[in-house]
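Full structure from sequences and hints, please.
Just so you know, the sequences run in chain order A and B.
The first sequence begins at 168 in this note's numbering and counts up one residue at a time.
The second sequence begins at 1204 in this note's numbering and counts up one residue at a time.
Since the hints were made in silico from the structure, they are not lab data.
Values in this document were obtained by computation on a predicted structure and should not be read as measured data.
Even glycine gets a Cβ: it sits at the ideal position worked out from N, Cα and C.
Please note that the accuracy of each hint is not assured.
Stated by the list, open to error - For each label pair, taking beta carbons as the anchor points, the in silico distance ranges come out as:
hint, chain 1, residue 1, chain 2, residue 2, range
1, B, T1312, A, R401, 51 to 59 Å
2, A, R431, B, D1337, 38 to 46 Å
3, A, D466, B, V1352, 35 to 43 Å
4, A, E443, B, E1294, 53 to 61 Å
To be verified - Covered stretches of chain A (chain B as the covering partner; in silico rule of three or more C-beta atoms under 8 Å from a C-beta of chain B):
hint, region
5, 188 to 196
6, 254 to 261
7, 295 to 303
8, 384 to 390
9, 491 to 503
10, 541 to 553
11, 580 to 590
Chain by chain, the residues:
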Amino acid sequence: MERPLTRNIRPGQEPLSIGDYERAGGYSAVRKALRSMMPDEVMHEVTESKLRGRGGAGFPTGQKWSFVSRGEDAPSPKYLVVNADEMEPGTFKDRLLMEGDPHQLIEGVILSAFAIEARIAYIFLRAEYVLSARRLRRAIAEASEKGYLGTNILGSGFDLELHLHASAGRYICGEETALLNGLEGRRAIPRAKPPFPQASGLWGKPTIVNNVETLCNVPHIVNHGAAWFRGLSRSEDGGTKLYGVSGRVKRPGIWELPMGTAAREILEEHAGGMREGYGFRALLPGGASTEFLLEEHLDVLMDFSAVQKVGSRLGTGTMIILDDRTCPVGMLHNLEHFFAQESCGWCTPCRDGLPWVERMLAAIETGQGQAQDLDILAMHTGFLGPGKTFCALAPGAMEPLQSGLKYFRADFERHIDERRCPWS
Amino acid sequence: MLTTAETEAIEAIARRYENKQGASIEALREVQRSRGWVSDENLRDVARLLDMSADELDGVATFYNLIFRRPVGRHVILLCDSVSCWIMGCEALRRGIESRLDIKAGETTADGRFTLLPTVCLGACDHAPVMMVDDDLIGGLEIGQLDEVLARFR
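Set out below in structure tokens:
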């Protein structure tokens, strides 16, 4: 099985230096593209590869790029921004890519900036990823010294500046328009869309924001072609995917597998199944803001459309396992505490609604819930749902809640009837 | 007053952005790196360097939870309290730290050695429960290891 994204990664060891990365075939895609391809050809190959955004939303990458105006009359400068603000609870995949093979990300940035004709790029990195920052800084310096970054790269006439921006917390920074405000040195609140960043983004200029894992795929697509990339996958979406598992399983971890690998295979073969003494209850397939799936859903293929068909989202592809000895109401309280705390406060439903939801869940968890609370919570999943708020934070927060109310109804009712948490 | 080194570092950061305000977050972090936190006086100095009003920069500073506008201890403990770590027992860990240091989450020890801050997912869920002390990520934590781990930070 081919594992292009992680082939150079040796956990616990230093990443490849630029020389070793080149000897392993690195930067050959940059040489190929800059010497023999037009930007449109790179974009075409990525579109044909069926690469979909790995940050959680799954938007087709080539199509996103195509919204940027190109050619002589396009606004200048254009920007490429790497969303490395990995802060979705339960998600730890981009850390592996940045710590393990920083040159792969930089190569993806150069190719993608070339495709959209951007000449300035930023990596927006969350504050706590200290080791990623250190390794990326060193890799950027190495790439600049070798002439892969800077002016007239490899004599092609293409220029690219790449900067690392180390942020300072707040989950909302992962929302792409909030991220742009953060990069401009402002409070990171989301912006109204339209205009979309592809038309008016960073400092009002056309901007593409892509996730780390998305960009790391691009060198391999350029090297081996769209058909090869589609062939890596077991589904309609191209490529491999970094799948992770956390919770009370035997071997929590992260694995690069064909896109569309079954949830059961990831959980049982790779994560080794549940720990002794713990049974499987449910899972969140791709971070905190996805809907719960149950045992009956475990054969779902983990790709964007299949997970949607069973009522959830692939999200970041990093599963969180709820075991049978952990209280589902307590877990939902923890999740909604996170979302309430991380609301940026910009729009009323999110700022005021999420703390209400959190407090009601706290009351139920501590035995102070009342029968009508479940209806009020269900009502909030509508009030805070898609279309009612400025960005996707609150609707994301409602995904585990609405599925939790459906799947764990009996657990909620026991808390209310017995006036205590049956797990404590 | 900012030191010459701090001023030069902030000016270098500012050159990476279209305008000086772009540097505000990294500039505040630069001050915090050597001083631990950002005082009102430091904030005014940074604002002047970046052609911003102090109020505007404070609005930015107070948005981000890792810009400290109050003094913190010599070592800052960021204890993850998000979902995977919660499942794996971070609440017991928090109580263990609180009792050992005799502080509550959000507080600083009387000797100024530690500040304990609950934080969102640290992106190391395969090692849950995890925390960071300063720049060190510490995973797979059990209560029994706390004394030894805390002793590393004097």
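Hints, verified against the model:
At roughly 53 Å, the beta-carbon separation of B:T1312 and A:R401 lies within the given 51 to 59 Å, and the hint holds. Between A:R431 and B:D1337 the beta carbon distance is about 41 Å. The supplied range of 38 to 46 Å therefore holds. Remark: the range hint 35 to 43 Å for A:D466 to B:V1352 is upheld by a beta-carbon distance near 42 Å. Separation of A:E443 from B:E1294 is about 23 Å and departs from the stated range, judged on CB atoms against 53 to 61 Å.
Under the rule that three or more residues need a Cβ within less than 8 Å of chain B, the assignment of the region 188 to 196 of chain A is violated, with 0 such residues. Coverage of a stretch by a chain is defined here by at least three residues with a beta carbon nearer than 8 Å to that chain's beta carbons; for the region 254 to 261 of chain A and chain B the count is 7, and the condition holds. For the region 295 to 303 of chain A, the stated coverage by chain B is satisfied: 4 residues place a CB nearer than 8 Å to a CB of that chain, which reaches the threshold of 3. As drawn, the region 384 to 390 of chain A meets chain B at 0 residues by the rule of a beta-carbon pair under 8 Å; below three, the given contact is violated.
Counting residues of the region 491 to 503 of chain A whose beta carbon lies closer than 8 Å to any beta carbon of chain B gives 5, which meets the minimum of three for the stated coverage. Figure legend: the region 541 to 553 of chain A, annotated as covered by chain B; annotation inconsistent (0 residues with Cβ-Cβ distances under 8 Å, at least 3 required). Only when three residues or more bring their CB closer than 8 Å to a CB of chain B does the claim for the region 580 to 590 of chain A stand; here the count is 0, and the claim is violated.
Of the hints listed earlier, those the structure fails to meet are numbers 4, 5, 8, 10, 11, in rising order.
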